[in-house]
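Chemist: Can you make the complete structure from the sequences, with help from the hints?
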Amino acid sequence: MELRVGNKYRLGRKIGSGSFGDIYLGVNIATGEEVAIKLECVKTKHPQLHIESKFYKMMQGGGERRLGQ
Numbered sequence: 001m002e003l004r005v006g007n008k009y010r011l012g013r014k015i016g017s018g019s020f021g022d023i024y025l026g027v028n029i030a031t032g033e034e035v036a037i038k039l040e041c042v043k044t045k046h047p048q049l050h051i052e053s054k055f056y057k058m059m060q061g062g063g064e065r066r067l068g069q
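Here the sequence shown is numbered in the numbering used here, starting from 1 and rising by one per residue.
If you are wondering where the hints come from, they were derived from the structure by calculation, not from laboratory data. All residues carry an ideal CB built from backbone N, CA and C; glycine is no exception. Worth double-checking, as some hints may not be accurate.
Said to hold, decoys possible - Quick list of the computed label-pair ranges, beta carbon to beta carbon:
| hint | residue 1 | residue 2 | range |
| --- | --- | --- | --- |
| 1 | M1 | M58 | 28 to 38 Å |
| 2 | M58 | A36 | 13 to 23 Å |
| 3 | M1 | M59 | 27 to 37 Å |
| 4 | M1 | G61 | 33 to 43 Å |
| 5 | E2 | A36 | 15 to 25 Å |
| 6 | G61 | E2 | 26 to 36 Å |
| 7 | K57 | N28 | 17 to 27 Å |
| 8 | N7 | L49 | 15 to 25 Å |
| 9 | L11 | Y56 | 11 to 21 Å |
| 10 | I15 | Y56 | 14 to 24 Å |
| 11 | F55 | M1 | 24 to 34 Å |
| 12 | G16 | K57 | 19 to 29 Å |
Modeler: Structure, rendered in structure tokens:
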């Protein structure tokens, strides 16, 4: 069975893991572009993925300027 993320990416093999989640190889279904996909357990006591996402958006010049919101 093929796993998909957001019906946009095909989830591949695990390529890394750490304290705050697991990293998988992914492929954009429409373009074939390879991407890294980080997954975090929904039951985690201290979720980090949402904050990390905001940080990456800030680094790209978009999104919110304050991480605490």
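Chemist: Is the hinted range of 14 to 24 Å satisfied by the C-beta distance from I15 to Y56?
Modeler: At 18 Å between Cβs, range holds.
Chemist: Can the suggested window of 26 to 36 Å be confirmed for the beta-carbon pair G61 and E2?
Modeler: The hint (26 to 36 Å, Cβ to Cβ) holds, given that G61 and E2 are roughly 34 Å apart.
Chemist: Within 11 to 21 Å: is that where the Cβ-Cβ distance between L11 and Y56 falls?
Modeler: At 19 Å between Cβs, range holds.
Chemist: For the hint 17 to 27 Å, verify it against the beta carbon of K57 and that of N28.
Modeler: 19 Å, holds
Chemist: For the hint 27 to 37 Å, verify it against the beta carbon of M1 and that of M59.
Modeler: Given about 35 Å between the Cβ atoms, the range holds.
Chemist: Looking only at beta-carbon atoms, does the pair N7, L49 fall within the given range of 15 to 25 Å?
Modeler: 19 Å, holds
Chemist: Look at the Cβ atoms of M1 and M58 and judge whether their distance stays inside 28 to 38 Å.
Modeler: 36 Å, holds
Chemist: Is 24 to 34 Å right for how far apart the beta carbons of F55 and M1 are?
Modeler: 33 Å, holds
Chemist: Given a hinted range of 15 to 25 Å, is it respected by the beta-carbon distance of E2 and A36?
Modeler: 18 Å, holds
Chemist: Take the C-beta atom of G16 and the C-beta atom of K57, compute their distance, and say whether it sits inside 19 to 29 Å.
Modeler: Holds, at about 22 Å.
Chemist: Could you tell me whether the CB distance from M1 to G61 stays inside 33 to 43 Å?
Modeler: Because 38 Å falls inside the window, the suggested range holds.
Chemist: Does the beta carbon distance between M58 and A36 stay inside 13 to 23 Å, or does it fall outside?
Modeler: Holds - the Cβ-Cβ distance for M58 and A36, about 19 Å, lies within 13 to 23 Å.
Every hint, counting from the list given before, is met by this structure.
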